[in-house]
Amino acid sequence: MEYNHILIRFGELALKGKNRSFFEKQLLQNMKFTLKEFSGLTFKRTYGRIIIELNGLNHEPIMEKLSFIFGIHSFSLALKVENDVDEMKNAALGILKEQQANEGIKTFKITSKRAYKPFPIDSQALNQKIGGYVLSQSDDISVDVHNPDLDIRVEVREAATYLTFGQYPGAGGLPVGTGGKVLLMLSGGIDSPVAGYLTMKRGARLEAIHFHSPPYTNERAKEKVKELAKRLTKFGSSIRLHLVPFTDIQQHLHKEAPSNYQMTLMRRMMLRISERIAQERGILAIASGESLGQVASQTLHSMNTINEVTNLPIIRPLVTMDKLEVIDIAKKIDTYETSILPFEDCCTIFLPPDSKTRPKREHANKFEKYLEVDHYIDDAVNRTESIQISNVNKVEKEIEDLF
Amino acid sequence: MIYLDNSATTRPHKEVLDTYIKVSYDFFGNPSSLHTLGMEAEGLLTKARTAIASQLQVGAKEILFTSGGTEGNNLAIKGTASHKKSKGRHLITTEVEHASSYETYKELEQAGFEVTYLKVDSDGRISLEELEQSIRKETILVSIIHVNNETGTIQPIEKIGRLLSKYPQVRFHVDDVQGITKVPLNIKKAKIDLLTASAHKFHGVRGSGLLYVRDGVRLKPQIHGGVQEMQMRSGTEHVAGAVAMAKALRIEMEKAKEGRADLVKLHSKLIHTLPKIEGVTMNSPLNGVAHHIINFSVDSIKPEVLIQSLAQKKIYVSTKSACSSKLAEPSRVLLSMGKDNHAASSAIRVSLSYETTEQEIQFFIQELKKIIPTLLGVKK
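Protein chains in written order, with the numbering used here: chain A, 445 to 847; chain B, 184 to 563.
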């Protein structure tokens, strides 16, 4: 049985009233982006559904990719037939025979839905006609309307009828890009990619900012961050990554600030730079992977003191989560293995052992008087390198040819 | 030259060798080195892993690079046996495995494991009922060859996988060295835990292979050292081999799309023409068989003699499997299919690739028709 379509259902989107069309269009665009490598696909948007026509392509890799796209409630493989009862009967029988051979199903039911009301046969009658035919043409099969092994759904729409069975859960959430842009502080650890994922889940588009301190941090640490950003692109859109050179600022702090306030001041610098980048890029909020009380910089006192330097909303999706909960999500979204690669990031170098867990705003402000804050921030922002990370493997031609 | 011994090894594709040379020279860094050269090499290795995984429709971290089929089978079997021996010491395999599995099981018997060798029918196929009856509480592993290397018989791997999924303590290992790129097999759908493949059987270079290790399955390493390959197989990674294997696999999978139908035609020609030649009996079954392996015996002609005669015409075939063809014993595989000693000692294996042409098969048959009567005449 060759399935020629994938039927995609939205969840929350249907509730979005006048915005619905905007949300659906964004979702369609995200799907096209994620499935760019499959050039043979055609997409159709009908009321409350998106239908992908496979045109002979294998459905498995496509469904794998779909399962990560936010804004999809569920999806099913579908057979498209004419609005003709005989065709529906044959298609239903084909599905049943295949499932009988592959999965050994014993019971089935037909669930018809007549979304296109001018079709002359109502859903009850359709159930009976199709079910009766399937039953008469197969052995060792019975109907069970309560707990069937196989539920074949028949949806009669204006242009055609779609037969589906089995629903694959989608990623839920809202389509990425419907909620504005957020700047994710991406360190390379376990938490920040998860924070990025959860922010995207509610429809925000991400840009990411990463601070690196060559030569104290190495190329691999940078590659790791690029890889993490790339993993996040599979949730629906490309990500712009800003790489900020941070060595000079760290050395400056190391020389001029008391050791127990260096971490706090460093975080304030990071936040100021992030705010500047956000302003330049029309970004409305910052996201971070902070979890309350996890480390010295994430105590309530630290957050309070560090947060002082910006007015932008800071989204902290993990703030109430335990580490283990975060790790579970990281594994699910396939960032965990990359995150735990042992490369030093800029937060761990130069770090004095005596960081304050209860820093005070007034002290931080006092110490900053001795620092050339504006000079260093201007310099770091000017030397920031921005790259577009896309899910499509754009490796140099030379490497590509090797495979 | 007409090369019909592709199940012994294949000739590497030119493009594959180009890749091998370029990677060996331009990306010679050790993937574990911290500098840029190391990083580039590591990047290539990762890309090779991802490319292979996507061809096989599995996860990238489920691909472990090995030196080939023999190591893959050894690691899968011994690695499982020593990892799970506290859970049980009973193993199941078949009488028709390749020597790299079969001898490993023999070795494990010496080490105190108990092994059930499943019998096969006259087509060389195991019975699912016998398999299920053989499973005990202390069974930890079942190894089955997908496509038999001597006869081409296909085992019902998907059905076996579904059966074994009822016994979660039993791991399922499949030797797919002969099947890969030739006979489709969906690893995930067949619920396979371990699967062996080797690059030189699909026009890659020798010395590189892969073991699919399902996510979550642990193996006791058989080679110790610098903990490469997810800590299951130490040794500086063979980056060039891995990249070349990824390329060979891609090329062969692409060729398979069209080539499978051509193989069916060539296979059909052979199985319909060969039995008409005086003295020839077919050993490969007619159904449920891979189309690139054809095994037959020629009555009262020593296989070496036939092979030498064909080689004079630059036609290359083999007796049973290349790995054991230097032993003058009858084929274990054919004997277990119920063939008599005679047939089992005089088997010839013809194995095709997607490169094999109709003209070559035509010429081979034509020569065979000339040579066999001559040799039979000498006998008389």
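It is worth saying that the hints were derived from the structure and are not from the lab. Because the structure is a prediction, the values reported are computed rather than measured. Careful, some of the hints might be misleading.
[To be verified] Computed list of lysine-lysine pairs in BS3-like fashion (alpha-carbon distance at most 30 Å, straight line): (1) LYS267(B) / LYS668(A); (2) LYS476(A) / LYS267(B); (3) LYS440(B) / LYS267(B); (4) LYS374(B) / LYS541(A); (5) LYS775(A) / LYS459(B); (6) LYS550(A) / LYS244(B); (7) LYS440(B) / LYS645(A); (8) LYS371(B) / LYS550(A); (9) LYS550(A) / LYS374(B).
[Unchecked claim] Here are the simulated distance ranges between beta carbons: (10) ARG827(A) / ARG389(B): 20 to 30 Å; (11) LYS371(B) / ASP818(A): 48 to 58 Å; (12) THR486(A) / GLN405(B): 42 to 52 Å; (13) LYS496(B) / SER511(A): 12 to 22 Å; (14) MET507(A) / GLU315(B): 30 to 40 Å; (15) GLN405(B) / TYR491(A): 21 to 31 Å; (16) LYS244(B) / GLU752(A): 41 to 51 Å; (17) LYS550(A) / SER310(B): 45 to 55 Å; (18) THR192(B) / ASP692(A): 57 to 67 Å.
C-beta atoms are modelled at their ideal positions from N, C-alpha and C, and glycine is treated no differently.
Status of each hint after checking the structure:
{"no.": "1", "hint": "LYS267(B) / LYS668(A)", "result": "35 Å, violated"}
{"no.": "2", "hint": "LYS476(A) / LYS267(B)", "result": "46 Å, violated"}
{"no.": "3", "hint": "LYS440(B) / LYS267(B)", "result": "39 Å, violated"}
{"no.": "4", "hint": "LYS374(B) / LYS541(A)", "result": "22 Å, holds"}
{"no.": "5", "hint": "LYS775(A) / LYS459(B)", "result": "61 Å, violated"}
{"no.": "6", "hint": "LYS550(A) / LYS244(B)", "result": "37 Å, violated"}
{"no.": "7", "hint": "LYS440(B) / LYS645(A)", "result": "39 Å, violated"}
{"no.": "8", "hint": "LYS371(B) / LYS550(A)", "result": "23 Å, holds"}
{"no.": "9", "hint": "LYS550(A) / LYS374(B)", "result": "22 Å, holds"}
{"no.": "10", "hint": "ARG827(A) / ARG389(B): 20 to 30 Å", "result": "49 Å, violated"}
{"no.": "11", "hint": "LYS371(B) / ASP818(A): 48 to 58 Å", "result": "57 Å, holds"}
{"no.": "12", "hint": "THR486(A) / GLN405(B): 42 to 52 Å", "result": "50 Å, holds"}
{"no.": "13", "hint": "LYS496(B) / SER511(A): 12 to 22 Å", "result": "56 Å, violated"}
{"no.": "14", "hint": "MET507(A) / GLU315(B): 30 to 40 Å", "result": "32 Å, holds"}
{"no.": "15", "hint": "GLN405(B) / TYR491(A): 21 to 31 Å", "result": "59 Å, violated"}
{"no.": "16", "hint": "LYS244(B) / GLU752(A): 41 to 51 Å", "result": "43 Å, holds"}
{"no.": "17", "hint": "LYS550(A) / SER310(B): 45 to 55 Å", "result": "24 Å, violated"}
{"no.": "18", "hint": "THR192(B) / ASP692(A): 57 to 67 Å", "result": "58 Å, holds"}
Taken one by one, the earlier hints fail for this structure at numbers 1, 2, 3, 5, 6, 7, 10, 13, 15 and 17, listed in ascending order.
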